[in-house]
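Novice: If you read the sequences in order, they're chains A and P.
Residue numbers for the first sequence follow the numbering used here, beginning at 1 and rising by one.
Residue numbers for the second sequence follow the numbering used here, beginning at 266 and rising by one.
Hints may be right or wrong, so weigh each one.
As the list claims (entries may be wrong) - One-sided excerpt, in silico: chain A residues whose CB lies under 7 angstroms from chain P:
hint, residue
1, His4
2, Tyr15
3, Asp83
4, His105
Stated by the list, open to error - Chain A is nowhere near these chain P residues, computed Cβ spacing over 10 angstroms in every case:
hint, residue
5, Thr268
6, Asn275
7, Ala280
8, Asn285
9, Ala289
10, Arg413
11, Leu476
12, His505
As the list claims (entries may be wrong) - Anything over 10 angstroms on all C-beta distances counts as not near chain P; from chain A, calculated:
hint, residue
13, Gly54
14, Ala67
15, Asp153
16, Arg158
17, Arg170
18, Ser181
19, Glu206
20, Leu214
21, Glu249
22, Thr251
Hints in this document: simulated from the structure, not taken from any laboratory.
Note that the Cβ used here is the ideal one computed from N, Cα and C, for glycine as well.
Below, each chain spelled out in residue letters.
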Amino acid sequence: MRTHIGDFFELLQRYQAQTGVRIPMLQPLETPAHTPNSALEVHGTTVIALKFKGGVLNVGDRRATAANAVMYDRADKIVPLDDYTLIAIAGAYGRAMEVVRYLRHAFKYYARSQLQPMSLDGKLQEVSRVLSANLPNALGGIGLFVPILSVYDPDQDRGRIFFFDISGARFETPEYGAAGSGAERIRGVFDYITKTKGAFSERPLEEVLREAILLLDIAADLDAATGGIDKVLPTARYATREGVFEVPEETIRAIVQSIRTGGNA
Amino acid sequence: MLTPYDFQENLQQRAQYIRNRLRAGSPVIGISYDNGIMLLSFKRRGRKVFEIYDRLMFSAIGNQADVENLRLAAIDFSHQEGFVRSPDDVTIQRVVGFALSPALKKAFGDPLTAPFVVRALFAELHDTPEHDLFYTLNYDGEFLPYERFAVIGGTANAEEQATRYLEANLSGVPTFESSVPVALTAWGIAYEAAQLEEADGVSEEAGRRRLRELLAEGQLEVGILERHTLRENRFRLVPHEQIEPFLQRL
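Please work from the sequences and hints to get the whole structure.
Specialist: Pasting the structure below:
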């Protein structure tokens with residue numbers, strides 16, 4: 001008799017063994033023996049995670065690049081995994097989306113089959129597991145990506161932000177997190193804001209949203225691989241006690257317009 | 266004395282055994298309304314309405330282990346398919362018709378395995394109420410699609426009576442508020458009809474009275490899939506406070 005433990009990885013492995021249908025997710029991509037061409041990487045981006053009072057906000061640009069070509073202008077890099085969890089991705093878009101799809105199913109599969117949500121620690125462990133499974137790809141130069149996981153923690157009634165390295169190690173950050181080539185350029189600004197205006201986690205969503213979009217605008221100015229906020233509006237999603245929500249386009253458009261016409265353009 | 270094995274007799278005995286056990290089960294009423302789709306039932310203990318996939322939920326009467334097995338098989342299939350192909354390919358007719366029904370039929374017909382003691386109701390949410398779907402799935406693998414509303418109950422007669430009541434009292438596309446009272450009465454009729462053997466024409470009042478009496482021993486469970494929501498999960502159990510006012514007016 002099979003004990004049902006709600007492990008999606010196990011379910012897929014069994015499916016693969018039974019049907020012989022190969023699931024790309026479960027094996028390393030076949031990397032060429034020679035040094036891979038870095039142009040294959042879809043890499044540059046800026047995703048920002050900021051806490052606010054009562055939750056956590058994620059904002060990301062929409063550009064996907066390969067070397068210095070803009071491949072796609074409408075990539076969505078902020079994806080809800082369940083009603084408490086957001087993932088923001090920087091790195092190889094294709095591989096990352098596959099992992100996101102996997103995680104969405106893994107969390108829901110556990111919750112639906114076991115009739116209780118996966119614990120926060122369990123979710124973080126699951127992210128670590130897929131990242132370490134992806135390590136051969138990352139080292140081979142295909143499929144390197146690093147996520148930021150933002151969660152609303154109902155036990156502690158606050159937002160929490162975790163980032164990972166490519167081997168799956170996880171780190172919690174107190175106030176903000178950012179990833180991607182553009183994030184590097186603006187790292188110091190986060191500190192400046194918290195030191196002059198107070199902790200993000202104590203400020204209301206509207207204020208923090210404005211800060212995030214402004215930060216994205218600055219990142220786009222400094223990093224060619226980060227799409228701006230004008231041509232295509234950035235994506236913004238947030239997690240609170242009530243669930244995960246998308247900030248409506250009109251709200252973002254209004255903020256962008258006020259940044260362009262107001263004092264801090 | 267040993268009698269030769271009679272396939273037909275064996276099946277009849279099995280069916281009789283299962284029907285006797287299903288009779289006491291708590292019926293489930295499914296109604297598709299403007300903003301979603303609901304499954305309503307009464308439970309003494311434990312859960313009764315379950316989420317299967319993004320737009321799929323289910324409830325059943327029968328042996329708890331069998332209900333659980335069916336539920337997990339549906340969840341396994343849905344998530345496998347949803348990941349390997351697409352969530353759009355996880356449809357009620359694939360899950361019920363191809364993933365579950367043959368296994369039930371096999372267990373029912375095989376004299377060496379215990380048959381599933383189960384009768385299940387699946388509900389699938391679509392973008393418009395006209396496209397919402399219900400499927401009933403029987404212990405012998407038989408399944409039937411329904412639109413607008415559906416009932417499973419302890420006996421076929423109970424289901425018929427509740428269906429007749431729903432048919433007469435639901436017009437057009439109802440709202441959540443107008444559906445719940447109808448569903449409550451339909452539940453009472455279905456339950457009462459299953460308890461009183463072959464009783465015909467259980468009155469609305471008798472159904473409501475039965476439900477009122479039972480409320481001391483347990484509570485209602487209403488699972489919904491929301492048509493328009495910003496939440497990631499469309500499924501939720503309606504909180505008891507929201508059901509309470511309807512019970513007051515019962």
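Novice: Could you check the structure against the hints above and give me the numbers of any it violates, in ascending order?
Specialist: Nothing - there is no hint that the structure violates, so all of them hold.
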